[in-house]
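The listed protein sequences derive, respectively, from chains P and W. Take 1 as the starting number for the first sequence in this note's numbering and just add one per residue. Take 1 as the starting number for the second sequence in this note's numbering and just add one per residue.
Simulated from the structure, these hints should not be mistaken for laboratory data. Fair warning: there could be bad hints in the mix.
Stated by the list, open to error - Once the Cα atoms are required to be at most 25 Å apart in a straight line, the calculated SDA-like pairs of lysine to any residue come out as:
| no. | chain 1 | residue 1 | chain 2 | residue 2 |
| --- | --- | --- | --- | --- |
| 1 | P | Lys-46 | P | Asp-84 |
| 2 | W | Lys-347 | P | Asn-42 |
| 3 | W | Lys-347 | P | Pro-130 |
| 4 | W | Lys-310 | P | Ala-67 |
| 5 | P | Lys-81 | W | Leu-73 |
| 6 | W | Lys-347 | P | Pro-57 |
| 7 | W | Lys-310 | P | Pro-130 |
| 8 | W | Lys-310 | P | Gln-148 |
| 9 | W | Lys-310 | P | Pro-44 |
| 10 | W | Lys-347 | P | Val-111 |
| 11 | P | Lys-46 | W | Gly-314 |
| 12 | P | Lys-81 | W | Asn-206 |
| 13 | W | Lys-310 | P | Val-93 |
Just so you know, these numbers come straight off a predicted model, no measurement behind them.
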Amino acid sequence: MSGRLLTAIPAACATRSSFGLSLLFGFLALVACLAGCGGADNRPAKWSYIAPAIIEPNCATVSCHSAVAQRAGVILEPAQKAYDILTSRHFVVTCPTSTDGGTTTCMDMAVGTSEILYLMRAQGSQRMPPDQALPEADIHLIQTWISQGAQNN
Amino acid sequence: MSPFLFPFLRRSSIAVALVSGLLLVAWGREARAYPQFQFSSGTTRCGQCHYSPSGGTLISPWGRDEAGDTISLGGDGSFLHGLWAPPSWLALGADIRLAALRNDVGGADSPELAFFPMQADLYTRFAYDAFSLNVTLGARGVVRPPDPSLSGRTSDVGQRMMSREHYLMWRPSATGPYVRIGRYFSPYGLRFVEHIFFVRANTGYNLYEETYNASYGYVDEDWEVHATAFTHVPTSVPDFFGAAGPAENGGVAYGEKRFNKMAALALQTRIGIASEEARYQGGAVGKLWIEKARLLFLGEADFIRQQFSKANFGQSQFVSYLGATYFIRGFMLGAAYERFQEDLAVKGTGRDAYDGELNVFPWAHFELNLLMRYQTRATVAPGDTPRGSLVMLQLHYYL
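From just these sequences and the hints, can you work out the full model?
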């Protein structure tokens, strides 16, 4: 069977499917090109970005922290509700803001005690999300937001 | 097939059907179509094997014949294995899946081992002339319940019952125009069963994210178009309707052209507007069947532009799938590569996945599926692992 397969593929490709295979190689070239894309992280460390771009699509899935499933009593949609739960249950530790950007001591402590960062990095705990780890770039953005006071901004 | 085995298999099938009926009220997940069957099974359109013009859920009589005669190694693909045929105005079906998995993403509880009921959905279709009412009823699945025992899994089944599809359709013939109104997945993309694939999870088609739609479409032998206006399931309705995903309103268009019953190229676009987020996406789907090699190539690529109004920020995403599947009757062996780039302007936000899949169809109504998935992410914290893996075995029975 495998011998027939190995001879059939080139024969078929050489005849009717060369255009299709060209498309496939073009697709691969596009993916390879895009894989190298990107530069510095200029995304806003704001809850109004983090909630819809990172938290909701990765954490508020229907079997986990959606309003329907409410896994472990945690609902991470919509943004306001997610913020209230994350902060009230100390997954995210907030700091009061001041005109100079907040108190340094509190913000240093907030990064060290916000449980969400340990869960996402699986540091001494299970991984969240449990099916697919987030890129560190996303976790670092959340850390930056926490280090700036974790405001509902 | 030995004649001595047949009565045994027949009795076994009936037993499985009865057990399936009992399980049906217990657990649920989701089924869409197998796009791998297009061209490879001798059919060119999804709507040939499914009542839905874009594929998925309830199988048509043609599809049931294909299941027994072309895809499986034997058996009768008819409802209840041919023991009883519903009247012409009624079509019934069901999907039951049991799964075992090993999931390794690093962390304290990894690798995770689980055995769980994955899906139990009952499909009904009532037809009158060119009109039909289609309803799917099941229970929302829970992979990781607080109490994983049998009693723990069954105690709240009533609260997890939901209907992820219910729609009215006017479709006077297998080809030609149709109109569909109700809840279902709008036609878009490759429409895989596996919701974890990036091209499903990141384009608005994740698990239970069916929207309320009004679709018009036209299906011909060599081409088809589908246009859909949609609105999200309101969060104020009971959980029976299972609102999930972004609260978007918008539209979807999908057009597919087929060539020589061996290839297809589709273009697609989707716009979804939510209160603080807007998504504009477009892409292409390609399918190529090489008969001599028994190989089917499937590919999809989408660009997504997201605007976050409150954050005053926009980002562009890229999501893709490229796979090949080898067929012989009763078996399907596939490999695929996937990529999701969360923000094209930010290095380190990419994820890759490599999939291997084996499907075995030993007898009509039965399927064994082995999915192996290896994932990587572009950036990790010091000491963390960039890799993750999933091995999942499914036993699938459809009524």
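Here is how each hint holds up against the structure:
no. : hint                  : result
1   : P:Lys-46 - P:Asp-84   : holds, 15 Å
2   : W:Lys-347 - P:Asn-42  : holds, 10 Å
3   : W:Lys-347 - P:Pro-130 : holds, 23 Å
4   : W:Lys-310 - P:Ala-67  : holds, 22 Å
5   : P:Lys-81 - W:Leu-73   : violated, 52 Å
6   : W:Lys-347 - P:Pro-57  : holds, 20 Å
7   : W:Lys-310 - P:Pro-130 : violated, 29 Å
8   : W:Lys-310 - P:Gln-148 : holds, 18 Å
9   : W:Lys-310 - P:Pro-44  : holds, 11 Å
10  : W:Lys-347 - P:Val-111 : holds, 23 Å
11  : P:Lys-46 - W:Gly-314  : holds, 13 Å
12  : P:Lys-81 - W:Asn-206  : holds, 21 Å
13  : W:Lys-310 - P:Val-93  : holds, 22 Å
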